[in-house]
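Asker: Sequence:
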Amino acid sequence: MKNCRIIGFVLVFIVGFSVVKAQEKKDSLAENIDEYLLSAHKFDRFNGSALIAEKGRILLQKGYGYKNVATGVPNDSNTIYQIGSVTKQFTAAVILKLQEEGKLSVNDKLSKYFPEFTYADQITLNNLLTHTSGIYNYTNDIDENDSAIVCNPVSKQLVLDLIFKKNLDFVPGTRFSYDNSGYYLLGLIIEKVTGKSYESEVRDIIFNPLGMNHSFFDFRDAKDTNLATGYKKLNAHEQIIAQRWDSTVTYAAGGIFSTTGDMYRWATAVARKTVLSAGSWDAATTPHLEHYGYGWFIDTIYGERSISHGGGLPGYLADLTYFPDKDATIILLNNEGYYGEGLTDISASIAAILFHQPYELMHVRTEMMLPDTVLRKYAGEYVFDKKHHVFITLQNGSLQMAAPAGNLPKSPLFPQDEINFFLKIIDARIEFTFDANKNITGFVSHYNGKNEVCKKVK
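All residue numbers for the sequence shown refer to our numbering, where the first residue is 35 and numbers rise by one.
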């Protein structure tokens, strides 16, 4: 259960490849967006449903690819997907609602609710909401190899044991480290405060008032035939069904299933500042460390303020981005993907279309073969800032890029020419820079309408 914004390094690096020219060859924004999503589907980058809206008007609501390949049922606007970590904004909203009602405070110490946890007196609910608690991430200890656990209902005590038996990773409030444990604990705190289940509180406070009638938690008891099959791999050569995690495992950190239509009802509530007071919405969308608010990343894309979050589980990816100054919404739900993969780059390209910025349809990238004598000069350490270091190494005739602090594993880096390189695991491009003597000085990352400079230090 990963956040598909992909934290740290990827926050300043990864997005669509080579946005080289504005394309306004269609008659409308909707046609341009549809053409782009069709290209993403063609190259196995999007298999799901999309909803794009601007100023209260839906520009495009459509499905791409298959809900279930074996039966040949296509995705459409009614398809239901697991939204993973996008769930966190709902959890945060319930916490803020309970604060409005005087039932808790984001400044409460965790010890008020879990006095048995050794470090509870050092941690506030604000730390849990902003991923600054230092608490161990329980999903580090479970993955697809633990299918006997993650694919079946689990007890809350099992998860608490995974969390509370570990030391803190850092002093609370001093660092940002994305983790699911904080939001799992927030779900339990909601239950302690209200005496009701977390799921019923989300329904009563958000789903029912907004008419989100196709959103739920427990897929085991779901009768809706619109539920999409999740695929770990889905292309012309492979159709591998993913092991679907039980919602009791993901819980308040990632357990919701929804549709693009229901998510648009939620996005409209965010835009109109309903459900919560204006003050609570301001608190939710005020950035703390690493641009994170309460269940949202707050940043800019093409110079426009954005409020967004992604989600990822085996077989499902999700991304919701809202631009308050433009009153524009991008909702992408996908039933193919895995963990660290994400839809951020696709969302950014759609934003480029909306804001009349250069973008490019997805296409086959041609790799140039370069000898080791040339590739070796790119190897070294590069730095965005004190926190984000990039390491490029040459191994067996191939450049490998990694950013340990930013959750980018070692990945092949392919030359398009001697200046521009790309990654295949995601649509990303870097452009190397040189001095007058043709020595490499660093590179420029092209990300979300930004050009970020990374300097070579070794």
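Please keep in mind that the hints were generated in silico from the structure rather than gathered at the bench. We put the CB at the ideal spot given by N, CA and C, even for glycine. There could be a bad hint or two in this list.
Unchecked claim - Restraint-style ranges between C-beta atoms, simulated for each label pair: (1) 155 with 475: 23 to 29 Å; (2) 360 with 245: 20 to 26 Å; (3) 398 with 419: 32 to 38 Å; (4) 62 with 183: 44 to 50 Å; (5) 487 with 92: 44 to 50 Å; (6) 321 with 245: 26 to 32 Å.
Asker: Compare the structure with each hint and give your call.
Answerer: These are the hints, each one checked on the structure:
1. For the pair residue 155 and residue 475, the supplied restraint of 23 to 29 Å is violated, since their beta-carbon distance comes to about 48 Å.
2. Distance hint check for residue 360 and residue 245: the Cβ-Cβ separation is about 25 Å, which falls inside the suggested range of 20 to 26 Å.
3. Look at residue 398 against residue 419: about 34 Å separates their beta carbons, and that is inside 32 to 38 Å.
4. Between residue 62 and residue 183 the beta carbon distance is about 48 Å. The supplied range of 44 to 50 Å therefore holds.
5. A hinted range of 44 to 50 Å for the beta carbons of residue 487 and residue 92 is inconsistent with their spacing of about 38 Å.
6. Taken as a hint, the range 26 to 32 Å holds for the pair residue 321 and residue 245, whose Cβ atoms sit roughly 30 Å apart.
Checked against the numbered hints given earlier, this structure breaks hints 1, 5; the rest are met.
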